[in-house]
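Engineer: Residue numbers (this note's numbering), protein chains in the order written: chain A, 1 to 164; chain B, 1 to 512.
Any given hint could be a false lead.
[As the list claims (entries may be wrong)] Where chain B lies over chain A, by a calculated footprint (3+ residues, C-beta under 8 Å):
{"no.": "1", "region": "56-67"}
{"no.": "2", "region": "106-112"}
[What the hints assert, rightly or not] Chain B side only, calculated, beta carbon under 7 Å to chain A, not exhaustive:
{"no.": "3", "residue": "LEU167"}
{"no.": "4", "residue": "THR178"}
{"no.": "5", "residue": "GLY180"}
{"no.": "6", "residue": "VAL400"}
{"no.": "7", "residue": "VAL413"}
FYI, nobody ran anything at the bench for these hints, they're computed from the structure. Even for Gly, the Cβ is constructed at its ideal location relative to N, Cα and C.
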Amino acid sequence: MFRSINFRVGIFFLAFSLCVALFVVPTIGEEWRQAPTADMEYFTLGPRFFPYISIGIIGFLSVILILQSWWQHRSRSTPPRSAFTRDALKTVLTSMGIGVAYIVLIPVLGVILVTPLCLAAYFWYFGLRRWVWIIVVPIVLTAFIYICFGKFMMVPLPMGLLER
Amino acid sequence: MELLIDQFFVAIQGSNLLVLFLSTVAGILIGAIPGLTVNMAVALSIPLTIHMSLAQALCMIFAIYVSGIYGGSVSAILVNAPGTPAAAATTLDGYPMTQQGKAGKALKMALFASFIGGIMSIIILVLVAQNLAAFALKFGPAERTTLMVFALTIVGVLSGRSMIKGLLSGAIGLLFATVGADPMLAVPRFTFGMLELEEGFGFIPVLIGLFAVSEMLVQAEDRMQTSIKASYKESSDREEDSRLTRKDILLSWKTIIRSGFLGAFIGCLPGIGATVACFFGYGEAKRASKNPDLFGKGTVEGVAAAESANNAVAGATLIPLLALSIPGDALTAILYGALLIQGVQTGPLIFQYQLDAVYLIYITLTLANIFMVATAASFMSFFKRIAEVPRRILFPIIFVFCVVGSFAMRNSVIDIYIMMGMGVMGYILRKFQIPLAPLLIGYILANPFEEALRQALVGSEGSLKVFVVKPIAAGFLILTVLAIVFMIRRTLSARGEETQGGENREGEESEL
Chain A
1 MFRSINFRVG IFFLAFSLCV ALFVVPTIGE EWRQAPTADM EYFTLGPRFF
51 PYISIGIIGF LSVILILQSW WQHRSRSTPP RSAFTRDALK TVLTSMGIGV
101 AYIVLIPVLG VILVTPLCLA AYFWYFGLRR WVWIIVVPIV LTAFIYICFG
151 KFMMVPLPMG LLER
Chain B
1 MELLIDQFFV AIQGSNLLVL FLSTVAGILI GAIPGLTVNM AVALSIPLTI
51 HMSLAQALCM IFAIYVSGIY GGSVSAILVN APGTPAAAAT TLDGYPMTQQ
101 GKAGKALKMA LFASFIGGIM SIIILVLVAQ NLAAFALKFG PAERTTLMVF
151 ALTIVGVLSG RSMIKGLLSG AIGLLFATVG ADPMLAVPRF TFGMLELEEG
201 FGFIPVLIGL FAVSEMLVQA EDRMQTSIKA SYKESSDREE DSRLTRKDIL
251 LSWKTIIRSG FLGAFIGCLP GIGATVACFF GYGEAKRASK NPDLFGKGTV
301 EGVAAAESAN NAVAGATLIP LLALSIPGDA LTAILYGALL IQGVQTGPLI
351 FQYQLDAVYL IYITLTLANI FMVATAASFM SFFKRIAEVP RRILFPIIFV
401 FCVVGSFAMR NSVIDIYIMM GMGVMGYILR KFQIPLAPLL IGYILANPFE
451 EALRQALVGS EGSLKVFVVK PIAAGFLILT VLAIVFMIRR TLSARGEETQ
501 GGENREGEES EL
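Produce the complete structure using the sequences and hints provided.
Structural biologist: What follows is the structure in structure tokens.
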């Protein structure tokens, strides 16, 4: 049962909902209660109400998921399979790493400088080795994005180094 | 009648038709590229309309609007990344069809259903607009609350293999939407002192992250070594896989009509919009289908249901806008601004004092649908080429568009981080078989849901009876309970089969 995906998901979201309910929602300010209208005697609901409702639903469904995995465990004998394999996780983390590096460098170096590097890195990582893909296509696409968003749609793209 | 004919001749002037054509092409392309949304395109087109005549302005706005919604289905079908939120349900069957080598058929069905849905919506707009709007206006906070409970439940129970996980996903969407200022008291929630978060997570980064970035990460698992081209060519030897057959139309026509009506009905209810409409249409089609098990695995009926419903919203969403001056969603709010610029004052008096403008709206909306079909049919072979581009080329390019598109909506770098965070979270949820569509719907409905719920409870001084004593509200609650009971019964009846498949199937590709 403890290796079941449903059990793990249930435990994760139960813990998540408890943490949010106990430690995060109470950080929402209660200043609104000091407003003049709040002193008047009528029923009202504050900004914590809806987060508590959402978290309550998440917690309730997590418990059902845990119970369901326990029930399935009783009626099944097949061992569960892991959601992630080592090789897949490695390539996903590398892809994610390139993406994160791209978005972190955008404010520093600017879209025009980082985009061709990001595209070239992805193409290289995914097995494209011809110079057309590594050099020409990234530059052409960056120019297209600049014209499309920066010039045509007037989006103030982050320029980074080029801004200075 | 004379005025209608006059306005028709005004609308079909050469310059107007040219604007229609160019805007239709732009709308389809913008809708098809993830990150470039219809909202953004319509909003950006408004400054261009300032110096145009009313007819030209309406041609441009409606062409981008209608064709953009259809365009969203192109990338939804070909690369599993809905170009617009309204095409989210199209991915459920559209993308599996592409994987089976039926991209051409899916695109043609999407176009056909979009056109029929669009035309039905215009007919409803013209004929029964005021009555339908009057009915929707009867909805108070209690009715809106139960309607949204029903919508969330339907989406949750229908989106994945597990009802609990679907509902869990919807609840996560509700929680994420609470980030930002409280809609009633403007108290910041979960912002941790960051001013950028006071407006909440931007809808576009959330959408792009959940659907496009998570898809890219799933595809990255095998370093994108299998190209879409390969899977497409391998199984598309049969000519009927790339065209709509009579059998497909006979199979889907009831679904198209039903979804068209549903889409039009939802379109005229403020605050719900095309995204919920497409899921409603999809869910209802699945429920009514003779082969519900085929839904989510690549059935042409699923594509028809989603597309007919989302395009049927386009005309119907104008009902409360024109008759009551109530914009139902972000897009109609943008349209409201565009009409104001042109001197058109929406509201009940428009039918007395600016009937020419009303007729022009009807005619240009119809022309926009006709141009959408003509243009999209001509560009079909071009669209199919998107699917033939190897994934290792396509997805890095899409990722860059996602990043720039997320930034472009609010010119904020934090939106890029939100998009990436949502993408990673979406990937993890998919790996744990948690469907993403309910999360998105929960996220969209959270604010109006919270407002309606709090208004209803404050109005009743905290009594839950308010949801039971009002007939319409009680009706939606009964429907909600019936939907859950129906799904539990179906799950129990299929349990024997599931026990055999068991958790061996837990590593399979998750549903959106």
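Engineer: Let's test the interface hint: is any C-beta of chain A closer than 7 Å to that of THR178/B?
Structural biologist: holds, 5 Å
Engineer: Is the interface hint satisfied for VAL413/B? The criterion is a beta-carbon contact with chain A at less than 7 Å.
Structural biologist: For VAL413/B, the interface hint holds, since the closest Cβ of chain A sits about 5 Å away, which is under 7 Å.
Engineer: Next item in the hint list is VAL400/B. Is there a CB on chain A closer than 7 Å to its CB?
Structural biologist: holds, 6 Å
Engineer: Would the stated hint for GLY180/B survive a check requiring a Cβ distance to chain A of less than 7 Å?
Structural biologist: Violated, about 11 Å.
Engineer: Using a Cβ cutoff of 8 Å, are there at least 3 residues of the region 56-67 of chain A near chain B, or does the coverage claim fail?
Structural biologist: holds (count 6)
Engineer: A closest beta-carbon separation below 7 Å is what the hint needs, so does LEU167/B meet it against chain A?
Structural biologist: LEU167/B check passes; min Cβ-Cβ to chain A is 6 Å, inside 7 Å.
Engineer: Taking beta carbons only, do three or more residues of the region 106-112 of chain A come closer than 8 Å to chain B?
Structural biologist: Our answer is that it holds, as 3 residues pass the Cβ test (under 8 Å) against chain B, meeting three.
Hint check: a violation occurs at hint 5 only; the rest are consistent with the structure.
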